[in-house]
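S.K.: Protein chains in written order, with the numbering used here: chain R, 82 to 174; chain W, 186 to 298.
I should point out that these hints are in silico values taken from the structure, not numbers from a laboratory. Since we're looking at a predicted model, the values are computed, not measured. C-beta atoms are modelled at their ideal positions from N, C-alpha and C, and glycine is treated no differently. A couple of the hints might just be wrong.
Ranges between beta-carbon positions, derived for each pair [said to hold, decoys possible]:
(1) W:Leu221 to R:Met93: 23 to 29 Å
(2) R:Ser103 to W:Val262: 15 to 21 Å
(3) W:Ile295 to R:Thr143: 24 to 30 Å
(4) R:Lys165 to W:Ala290: 33 to 39 Å
(5) R:Arg114 to W:Pro257: 43 to 49 Å
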Amino acid sequence: MTILALAWAITMAQVLLGLAMSFAVWRMLRGPRAQDRVLGLDTLYVNAMLLLVLYGIQTGRTLYFEAALVIGLLGFTSTVALSKFLMRGEVIE
Amino acid sequence: MIQAPDLPFWAALLVGFLVLAGAMVALVGSFGLLRLGNFYQRVHAPTLGATLGVGAILIASMICFSVLESRPVIHEVLIAVFLTITTPIGLMLLGRAALYRDRRAGRDDIPEG
Chain R
82 MTILALAWAI TMAQVLLGLA MSFAVWRMLR GPRAQDRVLG LDTLYVNAML
132 LLVLYGIQTG RTLYFEAALV IGLLGFTSTV ALSKFLMRGE VIE
Chain W
186 MIQAPDLPFW AALLVGFLVL AGAMVALVGS FGLLRLGNFY QRVHAPTLGA
236 TLGVGAILIA SMICFSVLES RPVIHEVLIA VFLTITTPIG LMLLGRAALY
286 RDRRAGRDDI PEG
């Protein structure tokens with residue numbers, strides 16, 4: 082009974098996070114300007130990281146924690162790199 | 186595929202509540218990203234998920250693994266500290282880049298100050 086309720090809660094949270102990821106993807110694909118797309122990517126990777134942590138809770142394995150950490154690291158790097166590109170790309174122009 | 190860790194009642198209640206609350210907060214942040222009007226309003230919305238949502242879900246993960254392995258498991262603090270440091274840096278860089286681009290383009294919807 083307890084396991085069933087917890088499984089329901091975790092699955093529900095995963096569905097909500099999937100919906101949040103789809104919102105971020107929509108903003109990334111349709112965002113009127115380049116900075117909106119980068120912001121969508123930023124939100125997307127934070128939500129994906131949360132989804133991995135949830136999957137770790139669901140399966141009871143700590144393996145997914147490392148994957149979440151790597152996603153967080155790479156996401157930050159990509160946001161900074163894209164921001165620098167947005168700023169410098171027009172300086173050169 | 187129904188699957189969940191075998192936790193005692195109080196831990197399951199706490200983990201379930203924190204997980205649902207964190208996912209809901211992240212969803213609200215992403216919904217703000219979808220709905221708000223211009224970039225300078227939108228840049229505020231996802232920080233909701235990057236602070237409160239991440240915090241709630243990581244605390245849930247900490248409780249879950251601490252109870253499962255019956256010893257304190259706090260390596261999730263790594264992710265929390267890392268995100269707390271990097272989210273403002275990344276979004277501030279992005280905001281400055283957007284400001285620079287908007288000034289170059291001569292747009293008139295730039296926030297003052």
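S.K.: Against each hint, give a clear statement of whether it holds in the structure.
M.R.: Evaluated hints:
The hint said 23 to 29 Å for the Cβ distance between Leu221 (chain W) and Met93 (chain R), and at roughly 26 Å that hint holds. For the pair Ser103 (chain R) and Val262 (chain W), the beta carbons lie near 30 Å from each other, so the given range of 15 to 21 Å is not met. Taking the beta carbon of each, Ile295 (chain W) and Thr143 (chain R) are about 46 Å apart, not inside 24 to 30 Å as hinted. Taking the beta carbon of each, Lys165 (chain R) and Ala290 (chain W) are about 19 Å apart, not inside 33 to 39 Å as hinted.
Between Arg114 (chain R) and Pro257 (chain W), the C-beta spacing of about 46 Å keeps the proposed range 43 to 49 Å intact.
Violated hints for the displayed structure, listed by number in ascending order: 2, 3 and 4.
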